[in-house]
Amino acid sequence: MSQPAIYAEHLSKHFRSNEALKDMSFSVPTGSIYGLLGPNGAGKTTTIKILMNLLTANSGRAEVLGYPSHKLNWRGFRKIGYVSENQILPEEMSVTELLAYLKPFYPNWDAKLCGELLAQLDLPADRKLKNLSRGMKMKAALLSSLVFRPELLVLDEPFSGLDPVVREDFTRGLLGSVVDSNGTVFMSSQDVEEVERLCDWIGIMKPGHLLISEPLDQLLRRFRRIEITLASGETPKIDWGQDIVQAERSGTTVNLVHQQFAGAATLKELQERFPHASTTEDFPMTLREIYLAVARVRTT
Amino acid sequence: MKLILHHFRKDVRSLRWILGLWLLVVLTQTVITVLAVQPSYQVAGVAEMIGPSAIWYVVNGAIWTAVIVYLIQSEPVTGATSFWLTRPIPPLISVVSKLIFIFGLVILPSLIPRTMDLLLFGVPSHDVCNAALAIIYGELMGALCVVWLATYTRNMAQFWGVIGFLCVLFIAYSLTLAFSRSSMIPSVAKSTPGLWVSRFEIATCVFFGGLVVSLVIQYWLRTIQRAFLLGVGSILLSIACLFWWPFVLPQMGIDHPVAYSPSATPIRLAYQLDMTKPFIWTTTQLFNESNQSARIPLLAPPASGDGIPLISSIITSFQPNGNTTYIGLQRALESFNYFTPDRLDWLSQLQQDNPGLMIEGDTIPANEPVPAFMLTPELTGKLKDQTGTLDISIAGDVLSLQKRAEIPLTGTGFARIPSGLVRLIAVQSDKSGMDLTVEEVGYRDMLKWKALPTVYLLVDSRNRIGIIPRKTVIKSQSNQLSGDTLSRMSAFLSLEVRATDLSDNIRANFEGNGANGLVLYVYEATSKGPFESEIKVPDYTFHPGER
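Protein sequences appear in the order of chains A and B. Take 1 as the starting number for the first sequence in my numbering and just add one per residue. Take 1 as the starting number for the second sequence in my numbering and just add one per residue.
Just so you know, the hints here were simulated from the structure itself, not pulled from any lab data. Here a beta-carbon is modelled for each residue, glycine too, at the ideal position from N, C-alpha and C. Keep in mind that a hint or two might mislead.
To be verified - Quick list of simulated restraints, FRET-style, between CB atoms:
{"id": "1", "chain 1": "A", "residue 1": "R75", "chain 2": "B", "residue 2": "I136", "range": "43 to 49 Å"}
{"id": "2", "chain 1": "A", "residue 1": "E214", "chain 2": "B", "residue 2": "L140", "range": "54 to 60 Å"}
{"id": "3", "chain 1": "B", "residue 1": "A62", "chain 2": "A", "residue 2": "N58", "range": "49 to 55 Å"}
{"id": "4", "chain 1": "B", "residue 1": "L5", "chain 2": "A", "residue 2": "N40", "range": "43 to 49 Å"}
{"id": "5", "chain 1": "B", "residue 1": "L140", "chain 2": "A", "residue 2": "K71", "range": "52 to 58 Å"}
{"id": "6", "chain 1": "A", "residue 1": "R75", "chain 2": "B", "residue 2": "F103", "range": "26 to 32 Å"}
{"id": "7", "chain 1": "A", "residue 1": "P104", "chain 2": "B", "residue 2": "V58", "range": "37 to 43 Å"}
{"id": "8", "chain 1": "B", "residue 1": "V58", "chain 2": "A", "residue 2": "K112", "range": "40 to 46 Å"}
All chains, full assembly: derive it from the sequences and hints.
Written out as structure tokens, the structure is:
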């Protein structure tokens with residue numbers, strides 16, 4: 001088994017009395033596209049900043065491409081691309097100047113890819129960054145982080161505030177380069193659909209805590225919405241247990257979100273719990289539904 | 001090296017406009033220097049320093065600072081913008097290329113007009129080299145301060161905001177110092193922030209103290225550990241700044257550290273504001289217009305010793321009906337403008353009763369009544385129809401003889417005074433009638449006056465320079481000295497006063513009068529008072545109506 005691109009163990013970070021991260025552990029397999037979901041203030045950016053050595057954790061440790069994150073320096077950043085939502089770019093430079101400046105610092109700079117991405121992202125090469133729109137700036141930052149074929153690309157809220165066209169360009173550029181070159185992508189986002197579309201690993205945070213960290217397909221497999229139709233007048237009192245993260249009753253219909261769905265075995269178990277149920281059906285859930293179910297239940 | 005040059009080129013490209021402006025300023029300054037339109041040595045009083053020359057230096061300094069701030073903030077060396085921190089740019093490359101930029105494009109160009117200035121006016125080349133080294137050293141120290149501050153501020157506005165904050169600290173410090181010495185200083189000074197800030201070095205210390213505070217405040221930009229390290233660095237550097245002037249430069253073999261440097265203007269200004277003299281005499285005079293005579297009993301000088309006092313400041317304040325009103329603070333040189341022959345002879349009597357007392361001020365003409373105290377028009381206007389207390393304070397240095405050097409007029413002998421800079425304050429002799437031209441070695445201005453073969457030189461206690469209005473020194477001294485009049489002259493002199501530097505004409509004058517050469521007395525300001533007992537002070541009669 002190859003070394004994970006990112007490995008974090010018991011990370012904690014507090015800002016005075018505010019605990020931003022509490023005992024957070026996870027790993028990001030090499031070659032995966034990992035999406036970190038969570039509400040505002042969940043600690044996504046803090047996590048990324050710790051990984052990028054922009055902040056120091058109060059406890060715990062993390063490794064990025066084998067480097068301890070707190071020792072990550074320019075050598076490590078030859079293989080890491082980092083783009084964040086509100087990154088301050090060298091505004092006085094044009095896109096071309098920026099790329100020309102950065103080129104000598106990256107041994108793996110791919111001039112051909114640079115040209116392709118420049119065209120694909122439709123960036124005005126000679127315009128100064130300060131004269132570009134926010135979306136264009138994001139694309140420029142992404143471009144400058146992709147052209148050296150990074151082993152790890154870290155994106156902090158890359159889609160925030162981008163219109164659908166720019167977003168599409170962005171994701172095409174992203175997928176077209178990093179994924180093709182077997183790089184790892186670690187991104188934080190609140191855009192669940194985009195994450196579901198791009199990522200194959202998912203992490204879900206609530207403030208300070210990482211609730212879920214696993215492959216997307218596994219997540220989609222184990223979460224199921226189950227609809228049980230009860231016989232009229234039945235009011236069962238049931239201990240839902242740990243596996244049911246959400247349960248709603250509407251008339252004779254009970255809707256459950258089961259987080260350890262195991263196919264027929266789970267259905268059989270539920271039928272035993274509801275012996276008078278007329279039907280018991282399971283439905284696949286989208287990532288959005290899972291995210292909402294998890295977020296609502298665990299944060300209340 | 002390739003990457004350093006690459007980085008350097010990027011900085012030049014990105015800062016080409018502000019850099020161009022800076023180089024234009026330097027070029028203008030060079031042209032002005034060559035054309036001698038704007039003397040770089042504006043050794044002047046406060047009023048003159050606030051003039052065009054000071055504005056020029058403010059503009060110059062502002063652009064100098066802006067270039068460095070832009071350079072650092074465009075890509076902080078240890079800074080806070082994640083874009084640069086997550087790029088594989090080795091810090092060493094960044095630091096070295098920026099140092100090359102600062103040294104090569106900011107400091108060295110600023111050296112051009114200054115060294116040209118010195119060369120054009122005959123400063124010996126080795127002195128120019130020394131001065132250049134001193135300028136570079138000073139500018140590097142200054143640049144380092146700017147680099148640090150710029151690193152921890154995000155933009156130009158924030159940078160100047162912090163500077164403003166530090167100025168507030170500076171003023172607070174001034175006020176604190178003023179009040180802590182309240183028993184020594186008159187009320188006028190307490191109401192005038194900054195007057196009692198005596199040491200440029202302490203200001204530097206406060207600057208760095210403020211820097212430490214700002215670093216600690218902003219520690220979250222990086223980590224507390226790094227902020228702590230930089231804070232310790234700031235403290236160490238501030239300590240170095242406190243001591244670099246008297247100790248470091250002489251050890252580097254630099255004798256003329258600031259003398260040739262226009263960048264010394266802030267130091268001169270600080271010195272000019274230096275009112276913490278070894279002695280301060282204070283008197284309080286009840287003023288009542290109906291009773292137009294009064295007595296000024298000066299307090300005793302603080303200690304005994306073998307020096308001579310040099311009055312450098314006279315401060316007056318008036319408190320009508322118990323309310324303090326600041327009236328004026330004049331250095332003696334300016335105050336002496338208010339001493340005229342037809343006024344009462346208090347000051348003269350003070351001088352006569354205390355042999356050896358030198359009063360720093362304008363030359364007293366021979367065969368005229370000794371000058372007396374006269375109120376300024378402003379003071380007179382404020383006093384009119386008022387009843388209250390008039391405070392008069394006199395402050396000054398006490399000088400003690402440090403070195404006596406004989407300079408023969410023939411041969412090649414010369415006296416080397418062990419200091420980077422001396423201030424010529426007095427010419428005295430028991431002979432009269434000789435014309436002497438004393439040349440400031442290496443300076444553009446020649447001091448010409450009818451003088452006598454004994455010259456007193458003053459070395460400030462910290463080897464710093466004094467501020468002497470040029471007009472007083474140069475213009476008004478000619479043919480006004482006599483053998484029995486204690487007079488004073490002020491000028492900057494080089495360390496080496498060579499007899500061979502005197503012109504043939506002067507030498508002939510000396511020889512014609514039977515003199516063999518010059519005797520230089522070098523005095524140093526000390527804290528020891530000159531008198532065993534109380535200084536004799538004549539009665540003082542005050543006539544506010546007179547002008």
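The hints, checked one at a time:
One distance hint, 43 to 49 Å for the beta-carbon pair A:R75 and B:I136, is violated here, with the actual separation near 35 Å. Separated by about 57 Å at the C-beta atoms, A:E214 and B:L140 satisfy the suggested range of 54 to 60 Å. Hint check: B:A62 to A:N58, Cβ distance near 42 Å, so the stated range 49 to 55 Å is violated. Separated by about 45 Å at the C-beta atoms, B:L5 and A:N40 satisfy the suggested range of 43 to 49 Å.
In this structure the hint that B:L140 and A:K71 lie 52 to 58 Å apart at CB is violated, the actual value being about 32 Å. Taken as a hint, the range 26 to 32 Å holds for the pair A:R75 and B:F103, whose Cβ atoms sit roughly 28 Å apart. A C-beta distance of roughly 40 Å is found between A:P104 and B:V58, which places it inside the suggested range of 37 to 43 Å. The given range of 40 to 46 Å is broken by B:V58 and A:K112, whose C-beta atoms sit roughly 53 Å from each other.
Checked against the numbered hints given earlier, this structure breaks hints 1, 3, 5, 8; the rest are met.
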